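**Student:** What follows is the residue order along each chain.
Number of protein chains: 4
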Amino acid sequence: MIDFQSILEDIADEVRPLCADGRVADYIPMLACVPRDRFAMSVATLDGQVYSVGDSEENFSIQSISKVYTLTLALKGIGDELWERVGREPSGSAFNSLVQLESERGIPRNPLINAGAHVVADVLLGLSADPRSDLLEFVRRRANDPSVYHDKEVALSENLTGFRNRALANFLKSFDNLTHPVDDVLDFYFYQCSLAMSCADLARGFSFLANRGVCPWTHENVLTPSQAKRIGALMLTCGTYDAAGDFAYAVGIPAKSGVGGGIVGIIPNRLAIAVWSPGLNASGNSLAGTAALELFTTKTGLSVF
Amino acid sequence: MIDFQSILEDIADEVRPLCADGRVADYIPMLACVPRDRFAMSVATLDGQVYSVGDSEENFSIQSISKVYTLTLALKGIGDELWERVGREPSGSAFNSLVQLESERGIPRNPLINAGAHVVADVLLGLSADPRSDLLEFVRRRANDPSVYHDKEVALSENLTGFRNRALANFLKSFDNLTHPVDDVLDFYFYQCSLAMSCADLARGFSFLANRGVCPWTHENVLTPSQAKRIGALMLTCGTYDAAGDFAYAVGIPAKSGVGGGIVGIIPNRLAIAVWSPGLNASGNSLAGTAALELFTTKTGLSVF
Amino acid sequence: MIDFQSILEDIADEVRPLCADGRVADYIPMLACVPRDRFAMSVATLDGQVYSVGDSEENFSIQSISKVYTLTLALKGIGDELWERVGREPSGSAFNSLVQLESERGIPRNPLINAGAHVVADVLLGLSADPRSDLLEFVRRRANDPSVYHDKEVALSENLTGFRNRALANFLKSFDNLTHPVDDVLDFYFYQCSLAMSCADLARGFSFLANRGVCPWTHENVLTPSQAKRIGALMLTCGTYDAAGDFAYAVGIPAKSGVGGGIVGIIPNRLAIAVWSPGLNASGNSLAGTAALELFTTKTGLSVF
Amino acid sequence: MIDFQSILEDIADEVRPLCADGRVADYIPMLACVPRDRFAMSVATLDGQVYSVGDSEENFSIQSISKVYTLTLALKGIGDELWERVGREPSGSAFNSLVQLESERGIPRNPLINAGAHVVADVLLGLSADPRSDLLEFVRRRANDPSVYHDKEVALSENLTGFRNRALANFLKSFDNLTHPVDDVLDFYFYQCSLAMSCADLARGFSFLANRGVCPWTHENVLTPSQAKRIGALMLTCGTYDAAGDFAYAVGIPAKSGVGGGIVGIIPNRLAIAVWSPGLNASGNSLAGTAALELFTTKTGLSVF
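Top to bottom, those sequences are chains A, B, C and D. Position one of the first sequence corresponds to residue 34 (my numbering), numbered consecutively onward. Position one of the second sequence corresponds to residue 34 (my numbering), numbered consecutively onward. Position one of the third sequence corresponds to residue 34 (my numbering), numbered consecutively onward. Position one of the fourth sequence corresponds to residue 34 (my numbering), numbered consecutively onward.
Quick caveat, the hints were computed from the structure, so don't treat them as lab data. On a predicted model such as this, the values are computed, not experimentally measured, just so you know. Careful, some of the hints might be misleading.
Claimed, not checked - Think about it this way: if two alpha-carbon atoms lie no more than 20 Å apart in a straight line, the pair counts; the simulated SDA-like pairs of lysine to any residue are: (1) A:K332 to B:R165; (2) C:K332 to D:E186; (3) D:K109 to C:N177; (4) A:K332 to B:N302; (5) C:K332 to C:E42; (6) B:K185 to B:N302; (7) A:K332 to B:M63; (8) B:K332 to A:P258; (9) A:K332 to A:Q38; (10) B:K109 to B:M63.
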């Protein structure tokens, strides 16, 4: 038996000094306000236990982590049809790069980079009369926490400064790879990015992916085992921006990060784990968070490799 | 208990018809001569058992699979210093692309693309007075088979037609990322690519990577557990050319392919598995081999995700 | 003395059959309606004579030709400061490519590609309270024709389908290379592109560039001789999309083309020449128009080389 | 009548202080030895007069200027067939870039970048039993000077360090765009680059291009008028590396530069002009030489625009 609680506490002690080294995302003004000294880490095992350390009940902006949720809903909705509009390969370039999109004629490399998430958002707009409410409801159910909310100020802040995303979405539209108006797609995209939830929420909220697609406590079949496995593969190869290889090398688990400083990972058949520390490294992943996850896999011997 | 033998036989029956669909690599003239109807598959479990089907004792050219062996030797030799000269990220472009190399100033994205393997070869040239013999001996020991040999005709054929590799190596040299003469590096590189071994050899020969770095039968510590885990991560993110994401998505295990039609994969703590079918798909991976591995992970429920 | 009138008539006879080979721009719906059989050619010599053949008084959409007029106004307005925000090099890629813009961090290669024209438009928005009227008035004065007008339907058509331009402008904005709101810049840009004037207007309207910056009939100093010379250099190296080299090779004069099928060129100290035929070649330049200009330089022996 | 002699002397006085600012090419060791204080400038008018200032009789390595001579011989030899293997567009990237070559499948953008010159060299190897002697003889005749020689030490120095050129040539070969062995092509290429001649030689030696293809003193038809005009167009759009646009903008004449510090330009129907100063600017063009040519066109009012 692994004593997760004491391992989390040891890790917190070790990595807290690193929190000061990271750089808080400042291209989204509202994110720049988050104090850099926040740190939280939570583990949710498949028997329903949650172990936490630090500010684990404080909500933060999940940003790109939301891409896993929308991908889940798109795969549930249209299945493998999705892959006609977006690839499954690592991008080999920055998460918001337009270069690849041009050479590959408007097909984003994967659904976890921004352009891919725009296509996924476009899919969700076609699947529901109220995609925002559906997404919020879905995320709350996964996290088993009705306090997950949408932070309007962050969404507005992103929308006002999101020129790169607006460039990407218009570029996709020029290749006919968006069916809805660009503004609708982006509004939904900024909505999903500005969902706010806690570290404990995220650990619970990704448990279904560690549990072959089944929610451990409601036993709901969110995805098929095969779909859950495949999302894990996408997270591992594409989940941490242009540092996915490095992250797999150092940490060794499927994970998705966000510029809000959150990272959530899964160890199939064992647990889901989330960490939060707003300071980012040069790749845009939480600096102390990455270190914490590396310590976790080293100390527990758990990884997929 | 999984009945590997009957699973392999079922898979062989299912995928044999696909052998005709692939395209044998023809840019290396000697490889173009290999009959497309060959098929073999072998599983080596960590208790030392080997299960096989088809032409599993016939030697074939392992080509890029050799990159995992040379990477192993380089990591043993100089450890993490290697990462100053080569990255750990998926390339996002073809295995022999020069574009990335130019924009990243001569640092190959990872050691499993050609340019990265040239750098690894350059490292090995500096570690031994007789790097060829050392490599051959190492591969034979890993495979537990002295019949592994070097196919001079294939090496010559590659050397005479290897203009793209020669371009890459000179390009690396222009960035001062090769310390030995270009011709020496390429001679060694073509040597490693033209090693010939069987499917059963490969399954045995990758067992140490599935076994935390320890050879299951000699108990030799080939790599540390951490190094073995990390090579697994590299194989998963970078091992199957520009289809690594797709392969991870569909198959879900760390693997390395070669244009000779071989693919070898590992399931940590369980087994190593090799497959051979010379016909390639558009990404340069064995077409029937990829299908066979996908069937294997589906039928057994084994994958890292 | 060259008999321009009979040369123009000979050329018209020769190239008319080519009009059917070109492809009318269809990405802007309103342009797709223009009949492909239109052809016109006009020469304005510096003594004020205008020689014409074909539909030389019919107005058409000048599209990218307008970039020379806005560049002229920007150079008049802020001089060499302009070059801090836009380069002077041929692009080596498509006129609406985003690749270069990314690698060169938001500095367009030259003012005659779309992104460069957006920057120029942004400059003009800062120079005038009513930049549209100022531009229209300027173009009318240059053409000595008050019938030059703005085609609202074309502008609307471009605006509704201009996703690539919208992508470019947002991309520029993300690099802080636009000071005005993206929509304002694009509205002005679509305005300038949808100016409609005739072949004879264009020949007269570019005479000041052939005349060292001085309007031949009003003797107004529009630009300094050095500025006029430099705009000629930009037209020659960058004026005909990604075929600028080919065009210089075959035709040998500074020129600017538009997807409406117009091309206007200058022979310094001699004349300005305009041609119109809506069918485009693969590079986006008027097919019959390019042939007509090549014939003109061959028959007259006039070129800058 | 322009007093060329006193203009050259004035220019020399003005630009000599700039000689210290440039950086001598050091990637070719033998070139790094050339003293940076050398300066020469020569004008050859079509009546056979040569005006010079400075070290105008000292031979230096012409490097890339030789590409115009080999292009001339290739056009004489195979005419427009050449354009099936090399383009005529500015490259939009560095003279030794491989990126473009990959995306355009082995067709160099123009004959004045390195890859294009390799293709031209390959053509010349097929046209003559002794292409070196033929080239040397041709250059001597054009310069009217038997003292033009081949500098073996420079050629050797380039060959030993020419990894980037070796990469380019192998890359071309991998696309089947070289018919001769890579080493033969490169040997010839390094031969042409290491021709040594003086500023006065170069001014005389490019006179035929300013004179519609006819050697002014022997009246030999070296090229047709149309071919001469077209080489001028190539020089203007592609002759000064990635600064061709800037050079055209500032200087306004067709020119070709070399990393040995030479630049030679032509003003059609007037003169050829050469300048030499070994210190280079960031684009690889002679720094003081560029300034001198800009002064020349300003002071004389001569340019093609």
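**Student:** When the structure is checked against the list of hints, which entries are broken? Sort them ascending.
**Tutor:** 1, 2, 3, 6, 7, 10
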